[in-house]
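*Asks:* What follows is the residue order along each chain.
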Amino acid sequence: MSTQTQTETTTSETGVARLRALWNDYLPYWFIAPMVLVMVLITFFPGAYDLYLSVIEEPTFDVFAAEFVGLNNYATAFGRGGAMHSFIITVTVVVSALALETVLGFGLAALVAGVESERLQSFYRVLFIIPMAVAPVSLATIGRIMLNSEIGVIPYLIEATTPFAAPAFLSEIPLLTVVLLDTWNWTPFMFIIFYAGLSSVPDTLIEASRVDGAPLWRRYLHVVIPYMKPVVFVATLIRLIDLFRTFGVVYGLTQGGPGTATQLVSINIYEQMFINNSPGVAAAIAVVYLVFVVAIANIVIAKVGFEGVWD
Amino acid sequence: MASITLDDVTKEFGDGGDAVVAVDDVSLDIEDGEFVVFVGPSGSGKSTLMRMVAGLETQTDGDVYIGDEIVNQLGPRARDIAMVFQNYALYPNMTVEENMSFGLKMSTDLSADEIEATVTETAEMMGIESLLDNTPGELSGGQQQRVALGRAIVRDPNVFLMDEPLSNLDAKLRTTMRTEINRLQSDLGVTTLYVTHDQTEAMTMGDRLVVLNYGELQQVGTPLECFYRPANRFVAGFIGSPSMNFFEGQVTDGTLVADGFEYALTERMQGNVGDRTAVTLGARPEDYTLSEAPTDNGFEVVVDVVEPMGSVSYVYVRSVAASHDETFVVEIDGQQPISEGERLYAHAPATDVHLFDTQTGETIHQRELTDDAEHALSQPLENASAGAD
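For the protein sequence lines, the chains are Y and S, in the order given. 1 is the number of the first residue of the first sequence in the UniProt record's numbering; add one for each residue after it. 1 is the number of the first residue of the second sequence in the UniProt record's numbering; add one for each residue after it.
Bear in mind the hints are in silico, worked out from the structure with no lab data behind them. Keep in mind that the hints are not guaranteed to be accurate.
[Claimed, not checked] Computed Cβ-Cβ distance ranges for the label pairs, DEER-style:
# : chain 1 : residue 1 : chain 2 : residue 2 : range
1 : Y       : 302       : S       : 141       : 33 to 43 Å
2 : Y       : 68        : S       : 138       : 54 to 64 Å
3 : Y       : 114       : S       : 29        : 30 to 40 Å
4 : S       : 172       : Y       : 230       : 27 to 37 Å
5 : S       : 138       : Y       : 299       : 25 to 35 Å
6 : Y       : 51        : S       : 138       : 25 to 35 Å
For each residue, glycine too, the CB sits at the ideal point set by N, CA and C.
I would like the entire structure built from these sequences, with the hints used as guidance.
*Replies:* Written out as structure tokens, the structure is:
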């Protein structure tokens with residue numbers, strides 16, 4: 001009996017030892033396993049499913065029963081679907097909004113950082129951040145009311161203070177209006193990051209350039225902006241990727257219209273899916289868009305690089 | 001080249017009730033080509049005073065002159081100054097050459113060729129010509145320091161301002177750079193203001209010291225004047241290392257009675273003390289002797305700690321008769337054998353002690369000097385001591 005017990009113990013001990021060896025040998029993999037699992041579930045699986053949707057006629061209950069249509073959906077997307085037009089609209093909006101937000105954000109940050117009174121500074125800080133805290137659709141609704149040619153405050157102000165007639169923002173210059181609304185919404189993001197970046201520029205560096213006799217704009221050009229290069233880069237990269245995802249503020253303002261004048265890729269995808277009931281076409285545009293945005297982000301990182309980080 | 005004059009300059013930070021006075025009504029004349037060291041503990045206002053000369057701060061009250069011109073309203077750009085900062089403040093995105101030429105590009109009309117020639121010449125003088133294409137991040141602390149100096153020198157300004165330029169260097173490099181800055185300053189002959197809290201730098205570098213405390217001028221004078229003829233107890237304690245020992249006491253019948261010893265005052269001392277009773281005796285560690293036999297004015301002490309420095313030893317001793325256990329420092333020859341717990345007699349000769357008014361801190365009796373030393377002190381005491389009046 002004692003022999004038997006001993007054998008059992010030995011067996012289970014061997015089992016434990018084997019498990020322990022397995023645990024120890026692959027220790028790093030065990031540690032990253034949960035993360036990998038989560039990544040697969042939230043990124044890889046939806047991506048793969050999107051790819052699958054883009055090459056079938058329409059989704060069926062049994063995934064293997066769906067009709068394979070090759071690149072038909074892609075052809076439809078770039079034919080009748082107007083995907084190319086949406087890409088051009090999107091790039092236009094992204095580039096102009098990014099430029100405006102970067103310049104305005106930096107300008108505001110520099111102005112507020114230059115305010116001497118601490119109390120006024122924190123007041124401006126809060127004031128300039130508010131638009132970012134408003135939900136995109138609410139902001140779009142507020143925008144619609146403010147821009148309305150009958151009751152809107154902006155057309156009223158333009159006509160009251162300038163000799164020009166106010167344009168019909170949503171029908172005559174819809175693309176510009178969309179860019180301006182997004183700028184209103186997201187300049188605070190750039191402002192707050194640049195503001196933080198500006199306060200990291202050492203005072204003595206500014207003082208050294210003052211003693212060297214550099215006027216204000218040269219101080220910014222030669223000393224402050226080069227020092228802040230990493231901050232500017234990260235802020236614009238985040239904003240760039242985020243701008244490609246813009247949906248709510250534009251959809252709330254124009255629904256992509258008039259016609260397809262402001263139909264961003266995101267709006268096109270939404271309409272293919274929920275208005276045209278063409279999940280295949282929507283998925284096809286989404287796949288191309290994903291590749292497009294990832295490629296742009298990588299090109300930007302490769303070209304500009306994260307260099308310029310000084311100790 | 002230019003002289004600098006500060007006329008009743010005051011600087012307050014903050015406003016209303018919680019204003020902090022950083023510099024309190026300071027007047028000062030600095031001659032053309034002079035090397036003046038502002039020295040004082042942290043918060044004494046020495047940096048603020050220099051920054052007002054630079055134009056980086058604006059004084060609350062008073063006038064700053066560079067040459068004969070009032071520069072109150074001028075920014076640093078218009079003052080023709082060059083400054084060396086404690087952390088060097090080199091532009092990290094520029095090469096050494098760009099760092100050095102930036103000021104010339106910004107504030108002169110020199111052509112690119114002339115600027116390059118000037119920069120190369122200065123770089124050779126500073127021994128940094130091989131570093132011109134490097135960025136500051138690639139340089140050691142000492143090299144960055146040289147570049148920062150070079151950047152100031154290349155401007156050929158009216159005034160050099162140096163704000164604790166050596167405090168980020170290690171001890172050995174600091175000694176070398178100290179000598180080098182001294183040599184450069186006398187070669188170039190540019191009026192120089194130098195801020196430091198290091199009293200070795202203060203003693204060895206300046207033509208004159210400006211000793212500040214709590215924003216008030218304590219004394220202006222040559223380093224030796226401040227050392228041998230301190231205007232008050234603060235200067236006496238601040239200049240010299242280790243610091244002067246102070247003993248507060250009461251004077252009765254020509255004898256100073258302190259806690260732990262009595263000191264018979266000479267006739268000259270008694271004359272200087274007058275009818276004051278609260279008097280502080282000050283004696284430098286090197287003026288004390290420790291002996292085994294009792295001496296006049298000597299008192300028995302017990303050795304607490306011995307710090308051997310090599311050529312000298314700092315001995316921390318405590319009076320046996322004292323009611324407290326505070327120690328004071330005595331400097332003795334490094335070869336004199338001494339051990340902790342030993343009982344000896346401490347003695348400071350009457351020629352070497354200073355007396356201060358305990359209430360005001362003012363010096364009421366100065367030590368005696370040899371005739372040569374007396375002669376060497378350029379100015380008499382009356383002119384050297386300047387209160388903050």
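*Asks:* Lying within 33 to 43 Å: is that true of the beta-carbon distance residue 302 of chain Y to residue 141 of chain S?
*Replies:* Taking Cβ atoms as reference, residue 302 of chain Y and residue 141 of chain S lie about 35 Å apart, which means the hint holds.
*Asks:* Does the hinted range 30 to 40 Å hold for residue 114 of chain Y and residue 29 of chain S at CB?
*Replies:* 36 Å, holds
*Asks:* Could you see if the CB distance from residue 51 of chain Y to residue 138 of chain S stays within 25 to 35 Å?
*Replies:* 48 Å, violated
*Asks:* State, for the Cβ atoms of residue 68 of chain Y and residue 138 of chain S, whether the hinted interval 54 to 64 Å holds or is violated.
*Replies:* Check passed, 60 Å falls within 54 to 64 Å.
*Asks:* Given a hinted range of 27 to 37 Å, is it respected by the beta-carbon distance of residue 172 of chain S and residue 230 of chain Y?
*Replies:* 35 Å Cβ-Cβ, so the 27 to 37 Å window holds.
*Asks:* For residue 138 of chain S and residue 299 of chain Y, compare the CB-CB distance with the range 25 to 35 Å and indicate the outcome.
*Replies:* 30 Å, holds
Consistency with the previously given hints fails for number 6 only.
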